[in-house]
Amino acid sequence: MNKRIIIIFALFSVVHIGNSQNVPNNFVVDLKNMPTPNVAEFNKYSKTSVSFFSGIPQIEVPIYNIALDYINIPITLANSPTGFKPEVHPSWVGIGWNLNAGGVITREVKFVRDEQQSLNDYFEVYGGIGFYLCHNILNEDTWAEVKDIESYPSLYPGYRYDMLDKSPDIFSFNFLGYSGKFFLNHEGVWKVQCDHPLKITFDDNDMSLNSEIATGTLLTFFKFTIVDEKGIQYIFGGENAVEFSSPMIPPGYSYKNGWTSTSWHLREIITPKGERVYFKYERGPYQSSFTFIDKPTSVIARNNVWAGEESHNYIYTGRFAADGVTNEYVNCITGSITSPVYLKEIECPSLNLKIQLTTSKSNELSYFETTYTDFYLNHPLSPGPIPYSFLGFDAALNIPYFQRNPDDKGKINPSVFKERFIWLKLDNISFFYSGVKSKDVTLHFRENPKYRLRLDSLSFSYPPQSKEEVYSFEYHPSLDYMNRKEFEYLSEYSDHWGFSNLKFLWDMNVSSAKAPIQERAKFGMLSKIKYPLGGYTIFVYENHDYNYIVKYENTFNPALEYISDSFGKPVLAGGLRIKRILNVDNLGHYDVVDYEYKLPNSSLSSGIVYSTGLYSLGDNSALFDNGNHIKYSHVAEKYEDGSFKCHVFSTERAIVRLGKTSTGILDDSPLRGTIWEGYIPYSIRSHERGKLLDEYYCNPDGRIVKSKHIFYSNLKMDASNFVRTIDPYYNKRFMLYNIAKSTQYGERAVCYYLYTYYCKPTSIYEVTYTKDSNLFFGYDADLSSSQALVSEQTFEYDDYGQIFKAAIKNSSGQSLGNVVKYAYSNVNPSALLKDMVNRNMLSFPIEEKSYLNNLFQKGISYTYSYFGSAIVLNSLKDIHKDNSEVLRYSDKYGVGNNLIERTL
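Heads up: the sequence shown at position 425 corresponds to 546 in this note's numbering, and the numbers run straight through without jumps.
Hints in this document: simulated from the structure, not taken from any laboratory. Computed from a predicted model, the values in this text were never measured in an experiment. Please note that a few of the clues may not be correct.
Unchecked claim - With a Cα cut of at most 27 Å, we get these calculated DSS-like pairs of lysine-lysine: (1) K781 / K892; (2) K942 / K881; (3) K530 / K571.
Model the full assembly from the supplied sequences, consistent with the hints where possible.
Below is the structure:
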């Protein structure tokens, strides 16, 4: 069997640094919110939309699919060739690859952890300072008004106003086709930003001590449950399914209080009929991470600007000196420790299926011992000899790897730091039915301590047969022979977005250290796949470019502005987009598709970026990327015969569609704030961007053959879906090192919203043009033309964002309609229907009716009943024109809530 790689564009989104690896002086800012490499790679599929919108194809090797009545659970090996980032460690399946098997929730901490109890994280009688514990501080009509930051609110008498967390953490999820975010609002309700009506279940019983990790004793979010619209429960976190991170040097070297829970892995799925799928994890050895922070010409601190020097709009978000000057904290290395977990087994009892995953230590490029010692010795807050307390936690405690590998455990001692940190790789996936092995998937790597981990091939075997199916992979080398060597970690500045740019740290006089460079980001990116029975696919990439920039600095009114390089051409950006995909089968037949990212009838790039040169010194990431540091409003697929298909997406750019101007989607200004020298937080509308607006199918001369046009509306755009937040970096907690200045800085707080309303398609026009049509691409479609045959679809939604009325009007004027009722649609629902709503079984219809020109034609009635604790479909009836009902079938269920009999 010759399985082909699935390549998808989702539309609805020799210089050597030396073995010492010395790093520049002035280290600072330890990271506490760093994801592990596996999670970081997984997040590419949620934070970076894998679509034409971002120019990045999703490349997947299908491994297996667990098929249940209510859900399919695919297991795939996926590659996302965004570009080479030299400081991002490869995942357990190699650089650029990720194993999609389940899902994950990750967190961005704002101010302090939502569950944090006090500034030193000891138990407090007043409840706590984290937003989960003090959200009521924003539960008043005057929440956005200026407050006396030195006052003690009556609800929290033990804390000053500036000590309390007023910014909910941002939780992002990505699992089995669902992606989005959720936040806690001022009423203590979890609100979800997603196109689906998902429900978050969490209470105090889902809190726990993080005692699984070395010396960890903090109270933390331990488990979340997400329920989809079918009532399927997805349980994240729990035993050995939570990942943590800590600064390399936590305050007072208290590693007990330094850990932050950052990721919760999918641990269990429960379907409405009670079928369960278990995902079992094992805690792996600790990992370390370092990132270089470039020294700008000037720094904008939030309460001070260096006078007399050119500003490059860099932002510092860490500690401030007493006078607000940050010069000793600029050129630095950040460091963090992460506690990863690895998927070990998937079990589905109803299918008698077990899937086992085997790992081992990866012999790949890593940090040198001097990286750790230099980090401490050059840290401005840690002068003097290295104390015993530096990294002084038990790195082998509760880590099964060290129980299986006592020799590696023996290498851990207080005076050696490198041996505490180990990266594992995935070696094998074995499938067992009723205890008998039926399939093996083996991963083959290039392993060498001088190189990053790279997946060279993937083999499938089916015992007892010995024959293997092998997929092999090739990767882009680099610029030329002399630059094919892999440089160590902490050797490059990297560009504005963290991609490799051949600007090296040892050259302190380098100019334009953060500028992107053509081609370099291709290093290590997947370039070719060879298939088991012959044939191959070649991927050709190019750098991003853009002609438009969203300006946010020093203004409450962001705007889209034109920009070009010194030659009037598009500006080069970091990272990669797909340029060409060539497929060749085992007979030598081929097809090729080219991709172009230009505005219609123009040489201008359709690329849009946010302001460059703005960074968080916490992780050196560019601000404002909202998941995509660049996005494209127009992308064309070009075929061999000259025909092409163009996709148009919603962005900040205004466009004309069907005679109407669609305004660009710019973020909303904050409710209150003070314009200062740098970044101002906005109410972000990124979930409205990246929507497919138009598709044009054109023949080789550019004549439009057919087109599709989709119009969207925002639903439930009201206060119930506005999550209140006050930007933490403007709080006195961060500003106050000089008591006398507290008032002027406290008034700079910025108040804004996190949005959770729906953005849904409300009408779709499909236009087919006659052969004598003279409408060319780049000109607006004319629906009134006799050369156009038009069909229109319209949709109406309820408060859950579900379609309850849909209609299609064809070119002959006939209208076909459909009306749906759900469990919550009845005015006086039964107890069972109420229970369905409580279980979030929202998408199951109880009635569907079809209409022709508004005249009822036929319908279906659905009846549900309890079977044990499960709610199942009991019968289905056809509704005739006279509203009489005739039973189509009824069902009976047996053990395991499985269907055993259907009566017709």
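- Query: Holds or violated: are the alpha carbons of K942 and K881 at most 27 Å from each other?
  - Reply: 19 Å, holds
- Query: Holds or violated: K781 with K892, Cα cutoff 27 Å?
  - Reply: 26 Å, holds
- Going straight from one Cα to the other, do K530 and K571 come out at no more than 27 Å? 23 Å, holds
Checked against the numbered hints above, the structure breaks none of them.
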